[in-house]
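Colleague: Listed below, chain by chain, are the residues.
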Amino acid sequence: MKPIWTILITVVLTAAIVGGGMYYVMNKNSDGDESALQAQIDDLSAKVSTTSTTSGAAVTSGAAITPSTVVSTGTAATSGAATTPAVVSATAGWKTLTDSHFGISFKYPATWPTSKSAYMTAEENDLIGVAESWASLTTDTLADKGKTRYVRIAKLSDFVNDPSKNQATQLKAVYANKSAAAAVKGTMLPPVNAATSGATTPVYIQTADGVFRGISYFASIGQDYSTTIDCVIVMTDNTNVITFHFAMPSDKASQYTMADGTVSSTFITYVQSLTSSSTESLVSEYNSVYKNIALSVTK
Amino acid sequence: MRSTIIILITIAITAAVFGFGTQYLMSQYTGKMTKDLETQVNSLGKQVNELNQVTTGSAVK
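Those protein sequences? They're chains A and H, same order as listed.
Numbered by the numbering used here, the letters in the first sequence go through residues 29 to 327 in order.
Numbered by the numbering used here, the letters in the second sequence go through residues 71 to 131 in order.
Calculated from the structure, these hints are not laboratory results.
Residues of chain A clear of chain H, computed beta-carbon distances all greater than 10 Å:
(1) D127
(2) F130
(3) A201
(4) G238
(5) V239
(6) T290
25 Å max Cα-Cα, derived SDA-like pairs, lysine to any residue:
(7) H/K102 / A/V46
(8) H/K116 / A/Q68
(9) A/K183 / A/A223
Here a beta-carbon is modelled for each residue, glycine too, at the ideal position from N, C-alpha and C.
For reference, chain A alone in the conformation it holds in the complex (with noise of 0.2 Å):
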């Protein structure tokens, strides 16, 4: 064979390899790059979709709600490297509490320590007649003494031959009008064995998905009258119910309270006018944190 062959032949068998191999191995980091990227996009535009959907109901419907899980922290961060969009979870870092009974689950914040009360009785279960499930999410730090929060879930269908028949009622208009309107104040189920006064005119609430409905709003429960404020969230998807309960003291409390350490009449009046955008500390964790423990239901 003539060297001029010899040659050519090696050029192209090196080029061929050399080539190819390069190709492949570069082809196939990029195909990693592409899929996380790719992976980010398909997120990004199921939020927006989601969230777009999400905004619209709120705005047909007059609601006040419907928050997004996701809050902004400015714009998009631009560097050389892969893009990091700055959308932060309003829950990040938080714990998630599974009720394995009914396979529902909730985030909350990973500072609040949980515990299944024995609070509610088999007495009380049979007076409310419902299989029910005791998340209780208690704390017992210094700096949230007098602060309570519980979560309760139970079936729906439960409520249907109890006292609560109306309220069950009440709240599956609400899951189907995806509407406030059809719920009363004090609406709460798995009902409390206390009076409710001085409820705000609830308002519609929905996870971002829509599977859970429901209303919040804030009042003044307790079997005994208090300057307690309570925030109560009901959610339902048609089949399962799950009650959110805060309660903690006004920050009022000393300017409702009497000479003789009974509560002003006038109490209720100030429970009556309280929005999400009212100065008090019930109010302004209802923003920060309870309805981003109500939104972030899955099952």
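Once you've looked at the hints, dock chain H against the given chain A.
Modeller: Below, chain H without anything else, positioned relative to chain A:
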């Protein structure tokens, strides 16, 4: 002996040319593709942020 050296030199030159050439072309292609995708990610991230601001704003009444 001489022909072996020629072949080895040919292999080295060809490998260098095609190796670096392919790497350069691929990096140009993947760089553009990555930039396009990052632009999309940024744009979508911005949309999500704006939508959330609108939604959250509507919730505070």
